[in-house]
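Protein chains: 2
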Amino acid sequence: MQDIGRAQAPIGVFDSGVGGLTVAAEIMRQLPNERMVYFGDTARVPYGSKSKDTVIRFSRQIIRYLKTWNVKAIVVACNTASALALPEIQKELDIPIIGVIEPGAMVAAASTKNGKIGIIGTEGTINSHIHTRLIKEQNSSFEVTEKACPLFVPLVEEGLFLDTPVVDTIAGHYLDIMKEKDVDTLILGCTHYPFLRETIGKVMGDRVRLVNPAYETARALGNLLKEQGIASEESPHDKEKQYIFSVSDEVQKLYQFAKNRFPFPVENALQINIEEY
Amino acid sequence: MQDIGRAQAPIGVFDSGVGGLTVAAEIMRQLPNERMVYFGDTARVPYGSKSKDTVIRFSRQIIRYLKTWNVKAIVVACNTASALALPEIQKELDIPIIGVIEPGAMVAAASTKNGKIGIIGTEGTINSHIHTRLIKEQNSSFEVTEKACPLFVPLVEEGLFLDTPVVDTIAGHYLDIMKEKDVDTLILGCTHYPFLRETIGKVMGDRVRLVNPAYETARALGNLLKEQGIASEESPHDKEKQYIFSVSDEVQKLYQFAKNRFPFPVENALQINIEEY
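Residue numbers (this note's numbering), protein chains in the order written: chain E, 10 to 286; chain L, 10 to 286.
Worth double-checking, as some hints may not be accurate.
[As the list claims (entries may be wrong)] Simulated crosslink set (PhoX-like; lysine-lysine; CA at most 20 Å straight-line): (1) L/K156 <-> L/K145; (2) L/K262 <-> E/K61; (3) L/K262 <-> E/K262; (4) E/K145 <-> E/K190.
[What the hints assert, rightly or not] Looking from chain E toward chain L, a few residues come up when the C-beta cut is under 8 Å (computed): (5) A52; (6) R53; (7) S60; (8) D62; (9) T63; (10) K156; (11) P159; (12) L160; (13) P163; (14) E167; (15) V175; (16) T178; (17) I179; (18) D258; (19) E259; (20) E284.
The set of hints was computed from the structure by calculation and includes no laboratory data.
All values reported here derive from a predicted model rather than from experimental measurement.
Glycine is no exception: its CB is placed at the ideal position from the N, C-alpha and C atoms.
Chain E extracted, bound-state conformation:
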């Protein structure tokens, strides 16, 4: 049954920083009737090399903040937080929550031909081994190769060396093991990595499918909202309030990132003191 009151409520989307905008953009594109509140923890970014306890503590604060917006569902648009915090925090919540790990793992398991899947991500994501567990649940004979690529996020954020031999060399080094293990499907397990898609594709070759979990996450969210009867079936009347963007550091960095890489306008963002939540 459709719950019209809940259906009008926004979706909460959060990330350690601005990379999760790639997931937000997919939600905006695939689910144009939905409202959204985005939060990027730019004052404490990155999460990738921080401990599980710290990532859980930060995620709990953000969820308390998002709930002040009366969100109907939450998307963890950060691979590290999905890997480290989601298993814990979903037990504590009375609204649906999904991360970016499971949709990516599912599509990789469904796509592989030779049963050899690779996953690249931050140290936190990779050391959680959560992709491997999910993929093995689908088919225990699948072989999963994991590799942390800690320089990829700073390289994307620096921007200067993209499409130069510097990035080719670093990517070549990180991805060597993927070629050695003959993976035919590689999950881009960090929201920044799709910006390196061209280099990664060049290193891996045409034969290897690159999975960007943003697309699958937005699809999974759409299905979830429908199942729970809380999908918005009409476009919001107050269009200018459909999307709220918020960050914990100053808003200029968000605008700068969004302007270069985000297909929708980002403006009137809020700066939130997230430690107070």
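Since the structure of chain E is provided, determine the placement of chain L on it from the hints.
Frame of chain E, contents of chain L only:
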């Protein structure tokens, strides 16, 4: 006059993470009678690309924490916090505080022969232009060239590509302007950069003096403590409590960094929830 009670109190030293251990090590070496409480904000590291307001807020929390140890003086062992927060927070404090910027700028101004000084650091440090201001106060005809090198910290932390053409290429790119401007003195304005000293030296050539502010900061601290009559004149009796190390994320990362790069043992560290201060 010597204040014996205060002299026995520890020095508080803080950094955005573990890089400030290079400054701590110099203090331990040059001032062996002093006690020290070190705090590294590893849960919120790095500060380098964050805004002034955020860095000031974080620094105030850390100073409140250090004061619970009854510290007699504070060293800001982080260039970004020294650049962005120190001018503001030193007005609020009733104990002496020094940063790493001024000692480095002073020695550079005193060492240059041709009056052309370079400074490399994080985005926050460079955009503050504080080195330039301090150097021009010494001699307004000096020419200062500034350059942010945002990939240097992640490269040091990754460790994999040190002494390879990848780092040579990146360093060459960042330092081009320094050679073009003919600097004869280059300040390593970030605690991580001394770990790249060899590469930076190779790119710049033998003729250029590299200034590591850690040494000068420890010297300036020693002078300050003597002037104020609060230098410790005898070795602490309880040696095992002379140095307290604390961090905001889990302690293992600190041990790992210290083991590879720190000349003193680091053990029994404390994990502090810094947001509560």
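- [ ] Under 8 Å, Cβ to Cβ, is where E/R53 needs to be relative to chain L, so tell me if that hint holds or is violated.
- [x] holds, 5 Å
- [ ] Would you check whether E/E284 satisfies its interface hint, that is, whether its CB is within less than 8 Å of any CB in chain L?
- [x] Given a least distance of 5 Å, the restraint on E/E284 holds.
Open item on the list: Under 8 Å is the threshold here; is the Cβ of E/T63 close enough to any Cβ of chain L for the hint to stand?
Closed with: At 5 Å from the nearest chain L Cβ, E/T63 passes the 8 Å test, so the hint holds.
Task: Hint check: 8 Å Cβ-Cβ cutoff, E/V175 to chain L - done: For E/V175, the interface hint holds, since the closest Cβ of chain L sits about 5 Å away, which is under 8 Å.
TODO: Let me know if the C-beta of E/D258 comes in closer than 8 Å to any C-beta of chain L, holds or violated.
DONE: holds, 5 Å
Task: E/K145 paired with E/K190 [C-alpha distance capped at 20 Å] - done: holds, 17 Å
Open item on the list: Using the nearest Cβ pair, does E/P159 come within less than 8 Å of chain L?
Closed with: Constraint on E/P159 satisfied, holds at 5 Å.
Open item on the list: Hint validation: E/S60 versus chain L, beta carbon distance must be below 8 Å. Holds or violated?
Closed with: At about 4 Å, which falls below the 8 Å cut-off, the nearest Cβ of chain L leaves the hint on E/S60 intact, so it holds.
Task: Status of the hint placing E/L160 at chain L (closest C-beta pair under 8 Å) - done: Constraint on E/L160 satisfied, holds at 5 Å.
Task: Status of the E/A52 interface restraint (C-beta, 8 Å, chain L) - done: It holds, given that the least Cβ distance between E/A52 and chain L is near 5 Å, below 8 Å.
Open item on the list: Just to be careful, I want the Cα atoms of L/K156 and L/K145 compared with a cutoff of 20 Å; is the pair within it?
Closed with: Holds - the C-alpha atoms of L/K145 and L/K156 are around 17 Å apart, at most 20 Å.
Open item on the list: The hint names E/I179 as touching chain L; please verify it with the least Cβ-Cβ distance against 8 Å.
Closed with: With a closest approach of 6 Å, the E/I179 hint holds.
Hints 3 and 10, counting from the list given before, are not met by this structure.
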